[in-house]
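2 protein chains.
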Amino acid sequence: MGNERIATESDDTAAAQRRGCGPLHPLRGDSDASVAPLRQLIFESVRAEGALSRVEIARNLGVSPASVTSAANELIGAGYLEEITAPRRDAEPTVRGRPPVALAVQAGAGLVAGLKIAAATNSAVLHDFAGNAIADVTEPGVGNAVSPDAFDSIADTLLTTLLDRAGRTRAEVHAVGLGLPGFIDSAAGTVLWSALLDTAPVDLRDRLATRLGVPVVIDNDANLLTLAELWFGDGRAMGNFAVVTIEHGVGMGLVLNNRLFRGARGLGTELGHTKVQLDGALCRCGQRGCLEAYVADYALVREASTALDWDPSELVGSGRMLAQLYEHAKSGDPAATSIFRRAGRYLAVGLANVINLFDPELIILSGERMEYDFLYADEVLAEMARAAIQVDRPAPRVEIHAWGDLIWARGAAALALSQLTAQRLGAPGVLEDT
Amino acid sequence: MGNERIATESDDTAAAQRRGCGPLHPLRGDSDASVAPLRQLIFESVRAEGALSRVEIARNLGVSPASVTSAANELIGAGYLEEITAPRRDAEPTVRGRPPVALAVQAGAGLVAGLKIAAATNSAVLHDFAGNAIADVTEPGVGNAVSPDAFDSIADTLLTTLLDRAGRTRAEVHAVGLGLPGFIDSAAGTVLWSALLDTAPVDLRDRLATRLGVPVVIDNDANLLTLAELWFGDGRAMGNFAVVTIEHGVGMGLVLNNRLFRGARGLGTELGHTKVQLDGALCRCGQRGCLEAYVADYALVREASTALDWDPSELVGSGRMLAQLYEHAKSGDPAATSIFRRAGRYLAVGLANVINLFDPELIILSGERMEYDFLYADEVLAEMARAAIQVDRPAPRVEIHAWGDLIWARGAAALALSQLTAQRLGAPGVLEDT
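Protein sequence lines, in the order shown, are assigned to chains A and B. Quick note: the first sequence uses this note's numbering, first residue 1, plus one each step. Quick note: the second sequence uses this note's numbering, first residue 1001, plus one each step.
Bound-form chain A, shown alone (with noise of 0.2 Å):
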């Protein structure tokens, strides 16, 4: 298996304006640009749902029958999909004749796999090409920035051991998808900063790529964890929601019009560290007053130590110094109280931003800290509510999901899978080759 690029999302954006998604001059689009191949948006269609007859591809796509048989022949002939017996519909008619056939993904096309590093928690997924999941893994994460050399390690340890737990071979490993924390550049493969790395930037999903001898593709963890609810989540039913995940940093995924938002150069939606104080307090990227610098872990363990009369100079891990603030908090300590009190302040005051700049339908919060009720507690709702622009109409849902790590796993599994799909599948003539 080579290691030849995966398409990204930004592929996915080009092909949808492949489509006729263009300006509203049409003459400023891509104009002489095809469409995208049938057969990808039946691979997707069927992927979706888990099993669709012909008849239904065709209605659900507008298109003839015939030219779903057509492509769906490729497909089966290709080996991506098989025809099954078509599950019985309770609001069916009973027809006469041989029995319905669908069509559903061959779930043994082949395997894709998820990491997510991080500095707390590792975790990784191996699913197959249906997008069931296999096998996965979770084990402590990175501590401090490391080197190129020292992550390309941890995460060929992490693909090792997951795929001895499923009992699988590498060679069966069709693509890869890596979510980390920082400022990543997914289309072109880059690390242009990560906490995690001690270096910048890097060429991460090429470097990777040689290392595991499987194709990668790369994207901030917290765009994944927004695919993930877009692909198997709450996003399913909703075009425009907000994902606000609050960990070692503060992250945001933004879905518009059902995709992934990425900004005009590919950088995405960097909610913590936009400013909420002019001059405020330091954060890790260097500058002053960004939301993170308030709100994040190393915020609140940094007057901590103030609060509980700690020795600066002792070795506690920040997770147990959040853990014992929190209880201090619970039981009434003034101190406590005021540190997290200033946190959901400002929490409140950054997802007001959030509404009055994008009016999602939904925002959702998710990340480790969901298990301090102080980010969401009614005042801090109440309190983002009170900042938002007031309308004749309520400010959007706030969903708390305290999901666990492996989910963050799984949204850069779907990555792969579906990049892998667009890869294989999008581009004329590459049918063939596979």
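Keep in mind the hints are simulated off the structure, nothing from the lab. Quick caveat: nothing in here was measured; it's all calculated off a predicted structure. Glycine is no exception: its CB is placed at the ideal position from the N, C-alpha and C atoms. Mixed in with the good hints, there may be bad ones.
Claimed, not checked - With the Cβ distance kept under 10 Å, some of the chain A side facing chain B (calculated, not the full set):
#	residue
1	T161
2	G268
3	T269
4	L271
5	H273
6	Q287
7	R342
8	D359
9	P360
10	D392
Claimed, not checked - Just a few of them, taken from the derived set where beta-carbon distance is under 8 Å, the chain B residues facing chain A:
#	residue
11	N1240
12	E1270
13	K1275
14	L1322
15	Y1326
16	R1345
17	N1353
18	F1374
19	V1391
Claimed, not checked - If you want the footprint, here are the derived chain A segments under chain B, 3+ residues with CB under 8 Å:
#	stretch
20	256-266
21	274-286
22	377-389
Fit chain B to the known structure of chain A by using the hints.
Structure of chain B alone, referenced to chain A:
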């Protein structure tokens, strides 16, 4: 002429989705909706380019010449397009036979008016169907908040003055676009809140249509300025940019993928009311710490009386106060300088937040206050770049457009024309009725 509802920009978005701009999983899209009528695409193409041959249209839209001919004949028959002798292009080879024929918009098919109503200055333009400006008016604005009846009157008189100047009648006007500051739900035609109206919400579109006897479409003024940039300005060559306007308030329009972004619920981007300081300066909207409360006219004026030792009871227009404050700052007065310096620093933070969240290719600063260069002084732009996330690429370009007041009205006229086109040509069967 009735006052039927004019389709709005959000309908354009729906049209784009009908053209296949759906989600990653096609099944979630409007799977059984039909594509936007070819005749609308043809009309928009011709209007954008001035004149196009049928062959060029077919090539640009990627459809067969036969279908272009058929739809174009409909448009010619209904009086929207006309045949002209094609302008000679230098690059084209000379061909024998009859002279080449192009299609052009039938400029005489009707008129649209664009009105901008504001505190300081009202303006209006009259356009023909091809988008040519025929007449314009600029007059003093409404000053403080007025009743909806008084507002209707002002718009009515403004339209009459415009038509008198052009020597045309109201019956010739097919649609009026109106821009005003505030929170506007353009799709619903409702003003949710505006500093110009003494009550809220106001169903301005429908009541104004009744009063004027012409279909009306309303929008936030910053959105209209953004549309003007997209259609007539620098935005023509750019898919993703932000327009930030500074006048009596701070407005913002955002173009993503060549389209005006209105948020999930139609309210769009309200940069002026994002918070840059917890518990900060009091804003006109009643909240604290809004960007507008540090940067807009009223924010500077309320400190000016302190800096200039003015008697607060003295009646001085805010324009004159600002001009005097600016003079003092220019001559080195420390108090006056510090007022502008602070405003510039907060603006830098606001723009950096736009960069961190949207990552645009370009930020256009516009509006009356661009006459004061402190808002785009080198130190402001440097502070903006420092407060944006630091990666391997420069901060987006910032351009200053100190355009006159009429560009706002041109945006309103363009909106009216675009929506009228979508309504007349966008729905099956409607062409026959016009």
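Going through the hints against the structure:
1. T161: violated, 30 Å
2. G268: Nearest chain B Cβ about 7 Å off; hint holds.
3. T269: Holds - the Cβ of T269 of chain A comes within 10 Å of chain B, reaching about 5 Å at its closest.
4. L271: Nearest chain B Cβ about 7 Å off; hint holds.
5. H273: Holds, because the Cβ-Cβ distance from H273 of chain A to chain B comes to roughly 5 Å (cut-off 10 Å).
6. Q287: holds, 6 Å
7. R342: holds, 9 Å
8. D359: holds, 3 Å
9. P360: holds, 5 Å
10. D392: For D392 of chain A, the interface hint holds, since the closest Cβ of chain B sits about 5 Å away, which is under 10 Å.
11. N1240: Holds, because the Cβ-Cβ distance from N1240 of chain B to chain A comes to roughly 3 Å (cut-off 8 Å).
12. E1270: Since the shortest Cβ distance to chain A is 4 Å, the answer is holds.
13. K1275: holds, 5 Å
14. L1322: violated, 22 Å
15. Y1326: violated, 22 Å
16. R1345: holds, 6 Å
17. N1353: holds, 4 Å
18. F1374: violated, 16 Å
19. V1391: With a closest approach of 4 Å, the V1391 of chain B hint holds.
20. 256-266: holds (count 10)
21. 274-286: holds (count 7)
22. 377-389: It holds, with 3 qualifying residues against the three required.
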